[in-house]
Amino acid sequence: MMVYIQAVAVMVLLGAGLVLLLLLAGRFLCNYGTCNVTINGREPLKVKGGGKLLDTLYDNQIFIPSACGGQGTCGYCKVRVLSGGGPLLPTELPYLTGDEQAKQTRLACQVKIRNDIELEVKPEYLNVKRFRAVLSSATLVTADIRELHFTLCDGGQLEFRAGQYVQVSVPAKGGSVFRAYSIASTPSHPEELELLVRRIPGGLGSGYMHKLQVGDEAEFTGPYGEFELTAGDTELVCIGGGVGMAPMRSLIRHLAEVEPERSCWLFFGARTEEQLLYQKEFEALRKRMPNLHVVYALSEPEKSPGWNGETGFIHLAAERHLQPGVKRQAFLCGPPQMLSSARDILLGKELDDKDIFADEF
Amino acid sequence: MGTNSFIMIFLASMFANNILLAKFLGMCSFIAISRNMKTAFGMGAAVTAVTVCTALLNYLVYSGVLMVGSRFFPETDLTFLSFLVFILVIAGFVQLLEMILERFLPALYFSFGIFLPLITVNCAILGVNLFMIEQGLKYSFWQTSAFALGSGGGYWLAICLMAGIRKKLEGADIPKPLRGVGIAVIITGLIAMAFMGFTGMAEG
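Protein sequence lines, in the order shown, are assigned to chains A and B. Residue numbers for the first sequence follow this note's numbering, beginning at 1 and rising by one. Residue numbers for the second sequence follow this note's numbering, beginning at 1 and rising by one.
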């Protein structure tokens, strides 16, 4: 009997001793005190050290884009750490080019705040805010694409440019992750937010967005995105497919509101007729926009009997319709292969690389 | 110089009875971390540190509490607890090591990845602890420290040797089915045979 009591006592004492040792060690080793975080040379933020840069910035209302929830798997949360970031970690290397490494670019989700730190982030990130919104209506526009209309809570207003995107906070195991969706509504309605979401089987973000019921609340941050329409007589060329329609719809409806005379091309590619979006709406818009040209092309026309529009890949349709040498700005949104082929066509039409904006998904 | 002097025990456990090459303990981290000299060196240092610290602490616990004739419970035989106690102490020390590395050597900390917490279940470390009590306590405290230091150092030496050879192998034309782990295991066998040359230098 005695031996059991002694055995239990030994284990308890040993366990307690080790726990005490670790607690003490944690107290001294994991305590970094208060650190100053200086962003773009502004007034330093006083933060508690020891946290990940991304999370700490988030807590201080600075929303760096990130899709993976700080796991180091998306590579979106790039910031320049001018000093105090410590050595580059092996977990960051796959996401940073040599040029970025030379410029001290780091992934904010991997850098831990251990001392005072100096950062440079894109100025637009400092204007990003967090919003709550209620789903006011939702419809399926094709078999797998859902159009969601949100109304911002508490009179919030999202000031954005057409072509920008927001990050929706998606509840996940152990916190939340973010998914980026382009804004389909127009800047003239800052109290509203319209998104297009394609359902991906097993997808975390799209599953959440397809399950949301009217009246449910969602949280998002935004706006993000560098695209800016140039003013003047530049022609706008939009090429895309699938949910790439969202930003292009925002852009064209925005033009209809502010510059209906402006010349604008929309090339939209799909496999079958069922996947085409908003044909009637653009048909109606063309009455108000005399210089709007809309081209839909099907890559598998044999599955859509009765289709008498364009066929083949969408970048080839663009090649056929666009005349070279016109002053243009291009917005591309679609799958990577579509974007790279479309970019080649546009470069062949004498567009400058800097005038081609691509939003990949 | 007797066979039980500090230096002899150290050399014997490092070369003749190398924990990795003679006893083949701790193979998983040996194969996984030996791709790069820098991390291999760090891993060797970490394993050595944990081995020495835990062996000495476990020596004290074993001689003070667990064995018959111990300082605190001389009447009872608590040696059936030794596995549990040893693993617990090792796990605690690895936690401590993790904190220290994360604070002072973050780059090394991240290059270990999952293998840092896995030091807890590194057979080489538990092996050293268990060899120490194989036939009761065969060594004194100081001899045990030599034994642990030698065994840890042996692991350190072996993993660095392996990393050096694998670096050389990068340019070699290895038959396709053997690339990676296959050739690594064959080389381990060859180094082990070379180490057999030390047998007889000292009795473990």
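Hints were generated in silico from the structure; no laboratory data involved. Take the hints with a grain of salt, since some may be wrong.
The following label-pair restraints were derived from C-beta to C-beta distances [unchecked claim]:
(1) A:Pro336 to B:Pro177: 47 to 57 Å
(2) B:Gly180 to A:Leu126: 28 to 38 Å
(3) A:Gly175 to B:Leu105: 56 to 66 Å
(4) A:Thr234 to B:Leu105: 50 to 60 Å
(5) B:Phe41 to A:Glu100: 50 to 60 Å
(6) B:Phe41 to A:Tyr32: 25 to 35 Å
(7) A:Gln71 to B:Phe24: 47 to 57 Å
(8) A:Gln71 to B:Phe141: 58 to 68 Å
Below, in silico cross-link-like pairs of lysine to any residue (SDA-like), each with a Cα-Cα straight-line distance of 25 Å or less [said to hold, decoys possible]:
(9) B:Lys168 to A:Lys129
(10) A:Lys48 to B:Met99
(11) A:Lys112 to B:Lys168
(12) A:Lys52 to B:Phe115
(13) B:Lys167 to A:Lys280
(14) A:Lys129 to A:Arg27
(15) A:Lys103 to B:Ser111
This structure is a prediction, so every number in the text was calculated from the model and none was measured. For every residue, glycine included, the Cβ atom is placed at its ideal position computed from N, Cα and C.
Violations among the numbered hints: Those not satisfied are hints 1, 2, 3, 5, 7, 8, 9, 11, 13 and 14.
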